[in-house]
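Number 102 in this note's numbering belongs to position 34 of the sequence shown; there are no gaps in the numbering.
Quick caveat, the hints were computed from the structure, so don't treat them as lab data.
Hints should not be assumed to be uniformly reliable.
[Unchecked claim] Ranges between beta-carbon positions, derived for each pair:
1. 203 with 96: 12 to 22 Å
2. 160 with 210: 30 to 40 Å
3. 146 with 108: 14 to 24 Å
4. 202 with 173: 10 to 20 Å
5. 92 with 187: 11 to 21 Å
6. 130 with 197: 17 to 27 Å
7. 202 with 170: 16 to 26 Å
8. 162 with 204: 24 to 34 Å
9. 161 with 210: 29 to 39 Å
10. 84 with 146: 21 to 31 Å
Note that CB positions come from ideal geometry on N, CA and C, so glycine has one too.
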Amino acid sequence: MSGVRLAVRAVVLDAGRLLLVNAYPGEQSDLWCTPGGGVEAGTSLEHNLRREVLEETGLAVLPGRLLAVSEFHDPASGFHQVELLYRARLGGAAAGARLADPAGVVNRLAWVDAGAMARLRFKPDCLARIAFGPDGPTVHDPLEAMVR
């Protein structure tokens, strides 16, 4: 694979809980992340963020400020992804969350508080800090090897 894939992810909090998804088909991994995905050329980052979250969770979100830039790669395949993580507010009730990924990649959805998140495997490494910590400058989570 050549080039870098650009992705957007939504950091959505509701009642002190963070929205997480698992995007490993067949529950082959216990690794969690925030909803989002690849950017389509010719459309804005905000549009892509709203589309990806709606596709994966059925939720409408209102994008906010950029919280972090994270990147990872798979040395074996050459896959390299840069992710932009944005704060996002719900456009409706959290109760509307449901697995809705038409591609069938996302297989689990969870709302977790900081205590529950401490017991999960998640990426990027800075996620708990940007989700539950005080607002600060945009974080750069340096290049790391992709994990499953």
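Comparing the hints with the structure gives:
1. With their beta carbons about 35 Å apart, residue 203 and residue 96 fall outside the hinted range of 12 to 22 Å.
2. Between residue 160 and residue 210 the CB atoms are about 35 Å apart, so this pair conforms to the stated range of 30 to 40 Å.
3. The beta-carbon spacing between residue 146 and residue 108, approximately 22 Å, falls within the hinted interval of 14 to 24 Å.
4. In this structure, residue 202 and residue 173 break the distance hint of 10 to 20 Å, their C-beta atoms being roughly 33 Å apart.
5. For the pair residue 92 and residue 187, the beta carbons lie near 18 Å from each other, so the given range of 11 to 21 Å is met.
6. Take residue 130 and residue 197: their Cβ atoms lie about 22 Å apart, and the range 17 to 27 Å holds.
7. For residue 202 and residue 170, the hinted distance range of 16 to 26 Å is not satisfied, since their beta carbons lie about 37 Å from each other.
8. In this structure the supplied range 24 to 34 Å holds for residue 162 paired with residue 204, their Cβ-Cβ distance being about 25 Å.
9. Between residue 161 and residue 210 the beta carbons are some 37 Å apart, a value that agrees with the proposed interval 29 to 39 Å.
10. Take residue 84 and residue 146: their Cβ atoms lie about 40 Å apart, and the range 21 to 31 Å is violated.
Taken one by one, the earlier hints fail for this structure at numbers 1, 4, 7 and 10, listed in ascending order.
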